[in-house]
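Participant: One line per chain: the protein sequences are A and B, in this order. According to the UniProt record's numbering, the stretch in the first sequence is residues 1 to 217, in order. According to the UniProt record's numbering, the stretch in the second sequence is residues 1 to 214, in order.
Just so you know, the hints here were simulated from the structure itself, not pulled from any lab data. It is possible that part of the hints are untrue.
To be verified - Below, simulated SDA-like cross-link-like pairs (lysine to any residue); rule was C-alpha separation at most 25 angstroms, straight line:
no. : chain 1 : residue 1 : chain 2 : residue 2
1   : A       : Lys122    : A       : Pro42
2   : B       : Lys140    : A       : Gln104
3   : B       : Lys154    : A       : Gly59
Said to hold, decoys possible - To spell it out: a stretch of chain A is covered by chain B in this simulated footprint if at least three of its residues, at any positions, have a beta carbon under 8 angstroms from a beta carbon of chain B; those stretches are:
no. : segment
4   : 68-74
5   : 78-92
6   : 101-112
7   : 143-152
Cβ atoms here follow ideal geometry from the backbone N, Cα and C, with glycine treated the same way.
Below, each chain spelled out in residue letters.
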Amino acid sequence: MVVKVYGPAYASPKRVLVCLIEKEVEFETVPVDLLKGEHKDPEYLKLQPFGTIPVTQDGEYTLYESRAILRYYAEKYKSQGTDLLGKTVEERGLVENWLEVEAQSYHPPIYTLTIQILFSSKLGFPRDENLIKESEEKLAKVLDIYEERLSKSKYLGGDFFSLADLSHLPFTQYLVDQMGKEYMIRSRKHVSAWWDDISSRPSWQKVLQLYPAPSKN
Amino acid sequence: MAIKVHGYAMSTCTARVLLCLSEKGLEYEVVPVDVANGAHKQQPYLSLNPFGQIPAFEDGDVKIFESRAISKYLARKYKDTGIDLLGSSSLTVSTIVDTWMEVESHQFNSPMQAIIRQMIVNPIFGIATDEKIIETELEKLGKVLDVYEERLSKCKYLGGDFYSLADLHHIPYLVYFMRTPKSSVITSRPHVSAWWNDISSRPATVKVAETMKV
Numbered sequence: 001m002v003v004k005v006y007g008p009a010y011a012s013p014k015r016v017l018v019c020l021i022e023k024e025v026e027f028e029t030v031p032v033d034l035l036k037g038e039h040k041d042p043e044y045l046k047l048q049p050f051g052t053i054p055v056t057q058d059g060e061y062t063l064y065e066s067r068a069i070l071r072y073y074a075e076k077y078k079s080q081g082t083d084l085l086g087k088t089v090e091e092r093g094l095v096e097n098w099l100e101v102e103a104q105s106y107h108p109p110i111y112t113l114t115i116q117i118l119f120s121s122k123l124g125f126p127r128d129e130n131l132i133k134e135s136e137e138k139l140a141k142v143l144d145i146y147e148e149r150l151s152k153s154k155y156l157g158g159d160f161f162s163l164a165d166l167s168h169l170p171f172t173q174y175l176v177d178q179m180g181k182e183y184m185i186r187s188r189k190h191v192s193a194w195w196d197d198i199s200s201r202p203s204w205q206k207v208l209q210l211y212p213a214p215s216k217n
Numbered sequence: 001m002a003i004k005v006h007g008y009a010m011s012t013c014t015a016r017v018l019l020c021l022s023e024k025g026l027e028y029e030v031v032p033v034d035v036a037n038g039a040h041k042q043q044p045y046l047s048l049n050p051f052g053q054i055p056a057f058e059d060g061d062v063k064i065f066e067s068r069a070i071s072k073y074l075a076r077k078y079k080d081t082g083i084d085l086l087g088s089s090s091l092t093v094s095t096i097v098d099t100w101m102e103v104e105s106h107q108f109n110s111p112m113q114a115i116i117r118q119m120i121v122n123p124i125f126g127i128a129t130d131e132k133i134i135e136t137e138l139e140k141l142g143k144v145l146d147v148y149e150e151r152l153s154k155c156k157y158l159g160g161d162f163y164s165l166a167d168l169h170h171i172p173y174l175v176y177f178m179r180t181p182k183s184s185v186i187t188s189r190p191h192v193s194a195w196w197n198d199i200s201s202r203p204a205t206v207k208v209a210e211t212m213k214v
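Let the sequences and hints guide you as you build the complete structure.
Facilitator: Below, the structure written as structure tokens:
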């Protein structure tokens, strides 16, 4: 039975797709059209009661929340593909630390920028330029801390590529491509090298090829 | 002492870590951080948490920050001490716990944090309370709690039939929220209310909640 991943066109599900490729796990995708509101359909809400994407289905086993899905597959297939969690409790502790940083500090401003810049007109509201400016400033402060961290550590969680780095791929790709804010990455030497490293991984390149993002506003 | 938590009792994120330590029966030291004088935004604190946020954590040579990562580290490292807070017996069980920890982070935390800021934090700093924000965020919280009501009608705890970090992570904000006039949002939902009564009366919760004074 092949894992099904819902919503591949969008950013959060892409975290799951790149993880599955790194772990050499086969999958299929099921499209969900957010702009048509398919994530709020009663049938979808049975799978994910909060009405967000992604969802995965592995036979009868259904999961949601992208980072929970990442941890599940990284753990389940620990002995194959890339080690995304670390070998000891201590290494895992640091991976979790920086995955929380991504979730709590990096994601909120970059998510706001994504909605405002890329989806506002499709979703039917005007861009809030103040909010965009504030979010970019918040994100810049986080990137300054990343610059310091990555000057001492090759990857965020330590000296190996892990879920902590992987989780950043989809929205950061939006930042450098569709949002036209590549300068935020390039102006920071260590962040820039880290971004080149993680985004050129064959797994991520494959995701970008197979599942283009929805066209912007 | 090997385990040190840098923070202070009033802080919800510090409380999250202290709850975990208390549930596991682990010995620890709280190292106070002089937040009033901005110690958390300077060295040496920044070398423990470069974001200048509370708490930071040390266990011998291990240094971690982010309260939810710290609690997971403790639950894993000290798996065999005290109760099992992650459902480590099986990956499918622990993943359900993980899912509801993510739900707390991404659905519950944001509206709750906004409400607590308006109702409890702002008054401390003499900032006006914005009723409109409270109303909007209560509506969002209500929708999330409707999903919790459904979940808890089928399951005693969020992660399944055992108390876990999925429940514990909610406690710090709920301790403050239940002291406000808006607590009916919890008490009006029978299964959520029963769940709160259960987890708030645990000895570890009572012990830590006592120290959470504004």
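Participant: Confirm or reject each hint.
Facilitator: Here is how each hint holds up against the structure:
no. : hint                 : verdict
1   : A:Lys122 to A:Pro42  : holds, 23 angstroms
2   : B:Lys140 to A:Gln104 : holds, 19 angstroms
3   : B:Lys154 to A:Gly59  : holds, 22 angstroms
4   : 68-74                : holds (count 3)
5   : 78-92                : holds (count 3)
6   : 101-112              : holds (count 4)
7   : 143-152              : holds (count 3)
Checked against the numbered hints given earlier, this structure breaks none of them.
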